[in-house]
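*Asks:* Spelled out from the first residue to the last, the chains are:
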Amino acid sequence: MQKQEMVDLVAAGLSRYLGTTMAAASTRMQCEKLDLGATVNEADLEALLSRLAGGLNVFLGREKTNLALDEIRAAVKGASR
Amino acid sequence: MKPRLLAHLLLAVAGLWALLYVLRFVLPPGTLDGFVSELLMLKAGTVIRFVSLAIAAAFAFSSAHYLGDSPSRFPWTALAIGLAGFAVGQGSLAWHQVRTGETPFPSLADVFFLAAYPFILLAFALAIRAYHSAGMPIGAPRDHTLLGLGSLVAVLLVGTPLLKPILAAPTTPLVRALNAAYPILDFVAFIPIFVLVRITARFAGGQVAAVWASLLTGFIFLGVADAAFAYFQVLGQAALDPLLYAGFLLAYAFIARGAILQYEILTG
Chain A
1 MQKQEMVDLV
11 AAGLSRYLGT
21 TMAAASTRMQ
31 CEKLDLGATV
41 NEADLEALLS
51 RLAGGLNVFL
61 GREKTNLALD
71 EIRAAVKGAS
81 R
Chain B
1 MKPRLLAHLL
11 LAVAGLWALL
21 YVLRFVLPPG
31 TLDGFVSELL
41 MLKAGTVIRF
51 VSLAIAAAFA
61 FSSAHYLGDS
71 PSRFPWTALA
81 IGLAGFAVGQ
91 GSLAWHQVRT
101 GETPFPSLAD
111 VFFLAAYPFI
121 LLAFALAIRA
131 YHSAGMPIGA
141 PRDHTLLGLG
151 SLVAVLLVGT
161 PLLKPILAAP
171 TTPLVRALNA
181 AYPILDFVAF
191 IPIFVLVRIT
201 ARFAGGQVAA
211 VWASLLTGFI
221 FLGVADAAFA
231 YFQVLGQAAL
241 DPLLYAGFLL
251 AYAFIARGAI
261 LQYEILTG
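Those protein sequence lines, which keep their order, are chains A and B. Taken in order, the first sequence gives residues 1 to 81; the numbers are from the numbering used here. Taken in order, the second sequence gives residues 1 to 268; the numbers are from the numbering used here.
Be a bit skeptical, because a hint or two may be false.
[Claimed, not checked] To be clear about the criterion: a stretch of chain B counts as covered by chain A if any three or more of its residues have a C-beta under 8 Å from a C-beta of chain A, and this derived list gives those stretches:
| id | segment |
| --- | --- |
| 1 | 170–181 |
| 2 | 195–204 |
| 3 | 207–219 |
[What the hints assert, rightly or not] Which chain B residues face chain A? A few, computed with CB under 8 Å, are given here:
| id | residue |
| --- | --- |
| 4 | Y131 |
| 5 | I265 |
| 6 | L266 |
[What the hints assert, rightly or not] Residues from chain A shown here face chain B by an in silico Cβ test under 10 Å; the list is partial:
| id | residue |
| --- | --- |
| 7 | Y17 |
| 8 | A23 |
| 9 | L34 |
| 10 | L36 |
| 11 | F59 |
| 12 | R73 |
These are calculated hints, taken from the structure and not from any lab test. Yeah, the Cβ is synthetic: ideal placement off N, Cα and C, and Gly gets one too.
Okay, chain A solo, but in the shape it has when bound (with noise of 0.2 Å):
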């Protein structure tokens, strides 16, 4: 799958609780730390998950921020199918 694919998949779970500008901020922030290429694979996407749900369980706590990032997961399995 395509990076940017990923980044705009995983932006748009999280605008629901974030709001779209920081949904797609924090996405591309914790991408550009992971450093990854243009195509990615399952093990990028839960290294930016993982990154992502420390700043969530600030906002969402720990049950609400698994499930996000659960449907986010099956959101980009699915587009990647």
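Given the coordinates of chain A, work out where chain B should sit on it, guided by the hints.
*Replies:* Using the frame of chain A, we list chain B on its own:
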């Protein structure tokens, strides 16, 4: 009842009652008496304020519980304790107002109101710290410190002339101290509130922003209403009281809505 529906209902009832207060102020005296008496307005208004605060405290405690190991648990716990203090204070005031139709000042309620403020201020400070720990692009701590300092200057510029007549008023030392304490505490609260407004703006369109927009709107209404209360007392302008009651109603309803929306994020 779904939490969101409760939030809408509470805001609608408080908004309607606030509108009645405003109408009572702007219309010629006695115009509304055939529809709703002044005594009923006082009694229902104080009960609505108490219910709003009790709901706000309950949902804030629940939110703190559901936040689990999140760094936001501490600010929500502090906020819940502060709101519970407000609720007990308002409950004691409501008890007196419903029974006698009078509003005592000072009263036992002031003990609880004042005791609640340190928890509210602590909640705001801890919320800012927790949000910085999230590692999201919410702005640099240095920028927020500068904004806080700017807010302090603005608060001093606005607050000092407002406090002068309050402190010079010919009244008992206790009333004078209370009249000064509420606006001072509210103005101090404005400093972290402005920082939180800035942070919240970055989450525009999201559920997190909706929570804080509602909470902060409530606390801004509260600050303005408290300052106006003290000022009107000094001026002896009892005719302006309906506007104060409208302000307090909206303040508590918005705060309750914020707590309910936070609970809904965590459990919905």
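*Asks:* For every hint, state whether the structure bears it out.
*Replies:* Structure-based check of each hint:
Counting residues of the segment 170–181 of chain B whose C-beta lies closer than 8 Å to any C-beta of chain A gives 0; at least three are required, and the coverage claim is violated. Closer than 8 Å: that is the beta-carbon criterion, and the segment 195–204 of chain B has 3 residues meeting it against chain A, so the requirement of 3 holds. Only residues whose beta carbon comes within less than 8 Å of a beta carbon in chain A count, and the segment 207–219 of chain B has 3; three or more means the coverage holds. Hint on Y131(B) holds. Least Cβ distance to chain A is approximately 6 Å, under the 8 Å limit.
Interface hint at I265(B): satisfied, since its Cβ lies 6 Å from the closest Cβ of chain A, which is below the 8 Å cut-off. Hint on L266(B) holds. Least Cβ distance to chain A is approximately 5 Å, under the 8 Å limit. A least Cβ separation of about 5 Å between Y17(A) and chain B falls short of the 10 Å threshold, and the interface hint therefore holds. Taking 10 Å as the C-beta cut-off, the interface hint given for A23(A) holds, the closest approach to chain B being about 7 Å.
A hinted interface residue such as L34(A) counts as satisfied when its beta carbon comes closer than 10 Å to some beta carbon of chain B; here the least separation is about 13 Å, so the hint is violated. Hint status for L36(A): violated, given a least beta-carbon distance of 17 Å to chain B, over 10 Å. Using the Cβ-Cβ criterion of 10 Å, the hint placing F59(A) at the interface with chain B is satisfied: the shortest such distance is roughly 5 Å. Because the smallest distance between the Cβ of R73(A) and any Cβ of chain B comes to about 20 Å, over 10 Å, the interface hint for this residue is violated.
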